[in-house]
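Chains as they are written, first to last, in the working numbering: chain B, 53 to 299; chain R, 5 to 105.
Keep in mind that the hints were calculated from the coordinates and are not lab data.
Heads up, the beta-carbon is just placed ideally off N, CA and C, and yes, glycines get one too.
Please note that a few of the clues may not be correct.
[Stated by the list, open to error] Here are the computed lysine to any residue pairs in the SDA-like style, where the Cα-Cα straight-line distance is at most 25 Å:
(1) B:K167 <-> R:A12
(2) B:K193 <-> R:V69
(3) B:K193 <-> R:A45
(4) B:K193 <-> R:L73
(5) B:K193 <-> B:L206
(6) B:K193 <-> R:A56
(7) B:K167 <-> R:L26
(8) B:K193 <-> R:V70
(9) B:K167 <-> B:F59
(10) B:K193 <-> R:T72
(11) B:K167 <-> R:G63
(12) B:K167 <-> B:L98
(13) B:K167 <-> R:V49
(14) B:K193 <-> B:I207
(15) B:K193 <-> B:V111
(16) B:K167 <-> B:G151
(17) B:K167 <-> R:N48
(18) B:K193 <-> R:F65
(19) B:K167 <-> B:A54
(20) B:K193 <-> B:P175
(21) B:K167 <-> R:L76
(22) B:K167 <-> B:F79
(23) B:K167 <-> R:S6
(24) B:K193 <-> R:E59
(25) B:K193 <-> R:A12
[Claimed, not checked] Using C-beta positions, here's what the derived DEER-type ranges look like:
(26) R:L84 <-> B:V118: 10 to 20 Å
(27) B:L119 <-> R:T94: 15 to 25 Å
(28) R:W57 <-> B:R218: 43 to 53 Å
(29) R:A45 <-> B:T214: 22 to 32 Å
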Amino acid sequence: MAEVVFFLAAIGALAGAVGTVAVRNPFYSVLALVMHLLSLALLFLLLRSEFVAAAQVVVYAGAVMVLYMFVVAYVGGTSMPLGPGGTRSMRIGSIVFAGVLFVELAIAILGTGLKALGTEGAPYEPGFGTPARIGELLLTKFLLPFEIASFLLLIAAVGAVTLARRRGGLHDAEEQRITPLDLVRPVSTGTMAEAVGTRTNATTRERTGLEYGGHSGRAGPEDGDDGERTGLEAGVAPGGDTGPEDR
Amino acid sequence: MSLTVVIAVAALLFGIGLYGVLSQTNAVMIVMGVELMLGAAMLNVVGFLRYAWPEAVSGSFFVLVVMTLMALEAAVGFALITSVFRNRRTAEVDDLTELQG
Chain B
53 MAEVVFFLAA
63 IGALAGAVGT
73 VAVRNPFYSV
83 LALVMHLLSL
93 ALLFLLLRSE
103 FVAAAQVVVY
113 AGAVMVLYMF
123 VVAYVGGTSM
133 PLGPGGTRSM
143 RIGSIVFAGV
153 LFVELAIAIL
163 GTGLKALGTE
173 GAPYEPGFGT
183 PARIGELLLT
193 KFLLPFEIAS
203 FLLLIAAVGA
213 VTLARRRGGL
223 HDAEEQRITP
233 LDLVRPVSTG
243 TMAEAVGTRT
253 NATTRERTGL
263 EYGGHSGRAG
273 PEDGDDGERT
283 GLEAGVAPGG
293 DTGPEDR
Chain R
5 MSLTVVIAVA
15 ALLFGIGLYG
25 VLSQTNAVMI
35 VMGVELMLGA
45 AMLNVVGFLR
55 YAWPEAVSGS
65 FFVLVVMTLM
75 ALEAAVGFAL
85 ITSVFRNRRT
95 AEVDDLTELQ
105 G
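Could you put the whole structure together from the sequences, leaning on the hints where they help?
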């Protein structure tokens, strides 16, 4: 029974991996990767690593794949297809390279004395790889590496947010939504649009600094119209005008 | 179902992942290929842990560290890809040639 499930999971993992690299639609590619990771978790389960299998499902098939989906939806929204790219020679070269590596690994596997281990493997204790066992180890023997790993996760989270933060990179006119309400409303009213920077700070600076010489009061409709136009010009100008004070 | 079969599956997965990394030109797809390769390495470690040294439970911790690094690599890599895409409107690694000299 275990053999049957093992081979089914192995076939699922291999099929998922092939689908990940071969499918043209990037969304199907991510779904194939989810299937691959679930099958891999099943393989871990059959190899008596229950905690690793659970972590694989929760962390990978759950959390990281959502991240993948978001990034594919964000990056793949252009006219350029996201599927398997590259030239034909590049693809053939990759197949040759991967095939050579697999043959080399197969020779290495066949050349070792792994068969001496048999099909059952070494005897193991009943509680091998269960969450209780791993958790006990994490809090006693491997406490310091555990804490270091968590600190590393914190650093990576902060770094990812810092890297992916919007800082005046995409100067697109369509990014700046101007509603009719903006024409009659003064700038520094503390709206959420100002807080997240949808309305650029250049607009605020133009209107408060140059036209009013200080903090803006109530602006009339015709002044607002004028200010929005200058703000729009400042917004579409390519980078460089966004100094550190804009961040 | 022996260790040889497990390692053969892992080797196949690694080869597929290597093909993905080498043949794709989109940064997101390259990261997916790297994930496949790391998954194959994890399968290798788990297989050896089960069949060869089951008394060394600490091998599971090694797999967990690799899993953490996979998540970190995905997070930071996607942050970079997002940043590049926002500034350059492309995620194709062939278009990023500023450092080519």
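Now the hints, each set against the structure:
1. B:K167 <-> R:A12: Status holds; Cα separation ~13 Å.
2. B:K193 <-> R:V69: 15 Å, holds
3. B:K193 <-> R:A45: Holds, because 24 Å separates the two Cα atoms, which is no more than 25 Å.
4. B:K193 <-> R:L73: 20 Å, holds
5. B:K193 <-> B:L206: 22 Å, holds
6. B:K193 <-> R:A56: Cα-Cα ~22 Å, so holds.
7. B:K167 <-> R:L26: 33 Å, violated
8. B:K193 <-> R:V70: 18 Å, holds
9. B:K167 <-> B:F59: 19 Å, holds
10. B:K193 <-> R:T72: Judged against 25 Å, a Cα distance of about 18 Å means the pair holds.
11. B:K167 <-> R:G63: 21 Å, holds
12. B:K167 <-> B:L98: 19 Å, holds
13. B:K167 <-> R:V49: Given that 25 Å is the threshold and the Cα spacing comes to 17 Å, the pair holds.
14. B:K193 <-> B:I207: Roughly 24 Å separates the two Cα atoms, so the pair holds.
15. B:K193 <-> B:V111: Status holds; Cα separation ~23 Å.
16. B:K167 <-> B:G151: With a Cα-Cα distance of about 24 Å, the restraint between K167 (chain B) and G151 (chain B) holds, given a limit of 25 Å.
17. B:K167 <-> R:N48: 16 Å, holds
18. B:K193 <-> R:F65: 11 Å, holds
19. B:K167 <-> B:A54: 19 Å, holds
20. B:K193 <-> B:P175: Answer holds: K193 (chain B) to P175 (chain B) is near 23 Å, not above 25 Å.
21. B:K167 <-> R:L76: With a Cα-Cα distance of about 36 Å, the restraint between K167 (chain B) and L76 (chain R) is violated, given a limit of 25 Å.
22. B:K167 <-> B:F79: 41 Å, violated
23. B:K167 <-> R:S6: 8 Å, holds
24. B:K193 <-> R:E59: With Cα atoms ~15 Å apart, K193 (chain B) and E59 (chain R) stay inside 25 Å; holds.
25. B:K193 <-> R:A12: 33 Å, violated
26. R:L84 <-> B:V118: 10 to 20 Å: For V118 (chain B) against L84 (chain R), whose Cβ atoms are near 19 Å apart, the range 10 to 20 Å holds.
27. B:L119 <-> R:T94: 15 to 25 Å: 20 Å, holds
28. R:W57 <-> B:R218: 43 to 53 Å: 49 Å Cβ-Cβ, so the 43 to 53 Å window holds.
29. R:A45 <-> B:T214: 22 to 32 Å: 29 Å Cβ-Cβ, so the 22 to 32 Å window holds.
This entry does not satisfy hints 7, 21, 22 and 25, going by the numbered hints stated previously.
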